[in-house]
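**Q** Sequence:
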Amino acid sequence: MTTTSRNARLIITARLISDFGAFLNMVALATYVYLLSNSAMSVGIFLASRVGGGIFASLIGTAFYRRCSGRLPLIAFDLLRATVLGLLLIVPVSQQALLLPLIAFGLGFGNSMFAIGLNSQLPRLIEPAQLLKTNAWITSASSMAMVGGSLVSGLLVAGVGFETVFALNALTYLLAAVLIAPLRFSAPEPVAESSAKQGEWSALLQGLRSAPVVAAMLAVTMADTLGSAAHNVGFPIISKLLTPDSASTTLGLMLAVWAAGKLLGARIASRLNGSENIHLERRYFGGVLLMSCEFILMFQQHSVVGLLLFSLPAGLGDGFSEVGLMSRLQREPEPLRLPIFSFLTLLQMTGFGVGMLIAAPFYEWWAPGAVVLLFHGIPLATVLSMKVLLLRRERVARSSPTPVP
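Numbering (this note's numbering), first residue to last: 9 to 413.
Rather than coming from a laboratory, the hints here were simulated on the basis of the structure.
Treat each hint with caution, since some may be false.
As the list claims (entries may be wrong) - Derived CB-CB ranges, DEER-like:
1. G169 with L106: 14 to 24 Å
2. P100 with R279: 50 to 60 Å
3. I286 with L44: 46 to 56 Å
4. L106 with L397: 42 to 52 Å
5. P196 with V313: 50 to 60 Å
6. S407 with I286: 20 to 30 Å
7. A71 with V186: 19 to 29 Å
8. R14 with V101: 40 to 50 Å
9. S50 with K248: 14 to 24 Å
10. I68 with K248: 34 to 44 Å
11. P220 with T172: 43 to 53 Å
For every residue, glycine included, the Cβ atom is placed at its ideal position computed from N, Cα and C.
Hey, can you work out the whole structure from these sequences and the hints?
**A** Written out as structure tokens, the structure reads:
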């Protein structure tokens, strides 16, 4: 077995296990916080703390991984996530209310630091020719983990209680750390001294000016997180509107079908002909267009069958876009790749957090279909705007004797 194949199997398995743990605690902890406090405000503070941990990680991720790269930081962040969950097993329940926001912050921080480190360093683990295939399998593993973690969480809580679920969750992170330990990284590329002196964010802006399509992909990602925030707020609302007596069952089915579509989209994306940058970029933009259109249609339905019918292609578009985005960004040179993934995490965390705060009140005033149409119209408009700007830039470049900066 080659080093690439061995690394790929270890990474995919570790990601499957750790993402299963992440979705397990996402459902179990939110329920636990509400039962402990009997307050929706406490749940909001908990979720905001988790997002805050992710934002903090995105701000320090580049500087951290410049100094500490390889497998040890990834193992450390798995151990961090296991440790903060372990606090719930040793701290008395009466003292946990003040501790839960700190646990949420630690989980959000650990999740994001792990993702930044793994995504930015994947080209040091996998040969370039195998990156697209590996990203597709990672997306597939994450989709399976989402279905498993989300559906199993409720059953486990009902069957064995919160403490056993938290212990099992901590164990998933320990297993992921064990799988990360045998990884073999190639040597990192040296960072130019000029880039180090001018600062990471300035170097990132300069790099994006020379890679306008990558800048456009990041802009669309920011817009897409607003749409994602709106439909995530709307999932339980549309489920209850269509099936008042079995909203949780409908929500579970919808998420399962969506995740199945995402898995299918990732598998198709890895098998399509063409792996050049332009093909990856088209897959990303096409995937975002498909996903947003299908979510808009999904929220116009008046039956569960219609809801599930459009959930599948929405997931398909999500799988397409995620594989295209990760594979394309990993083509950038290492000095630019690390700050790009830190910036990507910052966009996703802030966009999702702000998007949920903005979208939630709209559901008090408008029908769910109208809210999702508005917020998923933002990424659709952004994709079209970016396309127009890129075409105009190409036209100027062709007609100008000097290159466009």
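**Q** Go ahead and decide if the range 50 to 60 Å is satisfied by the Cβ distance of P196 to V313.
**A** Hint holds: Cβ distance 51 Å, inside 50 to 60 Å.
**Q** Tell me if the beta carbons of A71 and V186 are separated by a distance inside 19 to 29 Å.
**A** holds, 28 Å
**Q** If you check the beta carbons of I286 and L44, does the distance land in 46 to 56 Å?
**A** Given a distance of about 51 Å, which is inside 46 to 56 Å, the answer is holds.
**Q** Given the range 40 to 50 Å, decide if the beta-carbon distance of R14 to V101 lies inside it.
**A** 44 Å Cβ-Cβ, so the 40 to 50 Å window holds.
**Q** For the hint 42 to 52 Å, verify it against the beta carbon of L106 and that of L397.
**A** Holds, since L106 and L397 (Cβ atoms, about 48 Å apart) stay within the stated range.
**Q** CB of S50 to CB of K248, is that within 14 to 24 Å?
**A** The hinted range 14 to 24 Å holds for S50 and K248, with Cβ atoms some 22 Å apart.
**Q** Just tell me: holds or violated, for the beta carbon distance of I68 and K248 against 34 to 44 Å?
**A** holds, 40 Å
**Q** Could you say whether the range 43 to 53 Å given as a hint is met by the Cβ separation of P220 and T172?
**A** Between P220 and T172, where Cβ atoms are some 51 Å apart, the hint holds.
**Q** Can you tell me whether the CB distance of S407 to I286 sits inside 20 to 30 Å?
**A** Because 21 Å falls inside the window, the suggested range holds.
**Q** Can you tell me whether the CB distance of G169 to L106 sits inside 14 to 24 Å?
**A** Because 22 Å falls inside the window, the suggested range holds.
**Q** Range hint 50 to 60 Å: satisfied by the CB atoms of P100 and R279?
**A** Holds: the Cβ-Cβ distance is about 53 Å, inside 50 to 60 Å.
Checked against the numbered hints above, the structure breaks none of them.
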